[in-house]
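Chemist: Chain D is already provided as a structure; the job is to place chain P on it using the hints.
Protein chains in written order, with the working numbering: chain D, 1 to 255; chain P, 1001 to 1247.
Do not take every clue at face value.
Listed next, the in silico EDC-like pairs over lysine to aspartate or glutamate satisfying Cα-Cα at most 16 Å (straight line) [said to hold, decoys possible]:
(1) D:6 to P:1099
(2) P:1010 to D:37
(3) D:3 to P:1103
(4) P:1040 to D:254
(5) D:82 to P:1108
Read the hints as simulated data drawn from the structure, not as lab findings.
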Amino acid sequence: MFKLLKYALYDIVKSRFALLYTLFLVLVAISIYQVSEDMSKVSLSLLNIMLMIVPLISAVFATTHFYNNLEFTELMLAQPVKRRDVFLSQILAVMFVLSMAILLGFGAPMILWGADASVLILLGIGIGLSIIFAGLAFLASVLTRDKAKAIGISLSFWIYFSLVYDGFVLYLIYSFADYPLEKTTLALVFLNPVDLGRIIMLMQLDISALMGYTGAFFQNFFGSAKGILLSSSVMLLWMFWPIATAMKIFKKKDF
Amino acid sequence: MISVLQIHKKFGKLDVLKDFNLEFESGKSYALMGPNGSGKTTLIKIILGMVLPNSGDILVKGKSIKGSFAYRSDIGYMPQIGRYPDNIKIGQLFSMMQDIRPDIKEYDMVLAKAFGLMEMLDKPMHTLSGGTRQKVSASLAFMFCPDILILDEPTAGLDPIAVEILKNKILEERGKGKLILITSHILSELDELTNHAIYIHEGRVFFNDTTKSLKEITGESKFTTAIARLMEWSLKKKIDKTEMSHV
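Bound-form chain D, shown alone (with noise of 0.2 Å):
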């Protein structure tokens, strides 16, 4: 398992995918931090590009990288090497050097012109949402045997968590405001990683303060010791159910 991972992330991390999304992702960290001395504002920033940016690109590299790596797959599977630790060793290959470059990209920026612990849970965060669209797209690929569709697949997890999935609890909250909707609305973003990432990420600073009574009701719910255990539970179940299942298919799947 190791020995396949070394080689893995060898391959992984001399591509230059790594090298450019961590480019990339230091880039924007020192323009947000040149616009604003104010930390709560730069880690707004940040927070609204990562919730952008980092699923997006965690998926489309992943399912990428899935398919150009097919053909060594199928090798390693000829190999005496259990299937579970092919698709492991890929898979965290993938996960690692996401996590690095988000690690790495925001956080030598963060070392320069400091940091305070809102800025470590924003890193927290990305690294988790990299995980998670990483699963996700893995998954969307060991359910095609197509290139195409799996990006596809793994566009549309991208636009329902980031995109569709607002408005449809907008509406929501819109059609039934004359009802309370606390728990409602507290249950619904858990079922998406990304607006869990944000909720927990926005409590952490002021502008809750902004939200009115709903506001009040996430502050007093993230901020007590059983929110940020369940948060964080909910958000560790969202990193291991794509893995899972990906894992349950490839072990079954024909190559």
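Modeler: Then chain P, alone, in the frame of chain D:
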């Protein structure tokens, strides 16, 4: 050494292999033939565990391959098209394959040397031509002195010198009493390398005997014409089917 027992494989609605039974014994070398889409590659992939059959079982050295992976260290496999991670170097690929098999300490580098791969160990895979990649695949298949060799179109894309080297190596291994399984569309090559012919037609074994008896049965003295006759017969069985592929 390999027993294929009642294997049935469907891809969607299409039955690729229908209650397939075959026995491969050590010391023999088999030519696996059949038109495109007859199920040759599927059979090989099932033996290697890359494709999982709907029913039936495969025994390698008497043990079922279900849920097992260790048996693959007995098999040297050369795929039709070998593709490798772009940024890995030849030397790293070799040492990775060696890492995967910690029990094997002695490596057969004869092919790698003969192909001149030892001088380009630090070349990344994406800089290699298709033929050189085939050479890498061939070297890997023979590197661990496996008891079973499965070669899927081994000479496709190789230059004539490399083909000669590979053929000699296959003959040498055959002399050592290994089980060799070759698929190819180049019949003259199969005639040289194998002594047992298996002809698959529409997911069933149509012919399975020694090359010698193939020639006797068909009444032809040349291997290529004997196979051509076999093909005619297999087509006559189903005259209504006109869209047979080439060979």
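Chemist: So, for every hint listed, does it hold in this structure?
Modeler: A quick look at each hint next to the structure:
1. D:6 to P:1099: Answer holds: residue 6 of chain D to residue 1099 of chain P is near 11 Å, not above 16 Å.
2. P:1010 to D:37: violated (64 Å)
3. D:3 to P:1103: holds (15 Å)
4. P:1040 to D:254: holds (15 Å)
5. D:82 to P:1108: Given that 16 Å is the threshold and the Cα spacing comes to 24 Å, the pair is violated.
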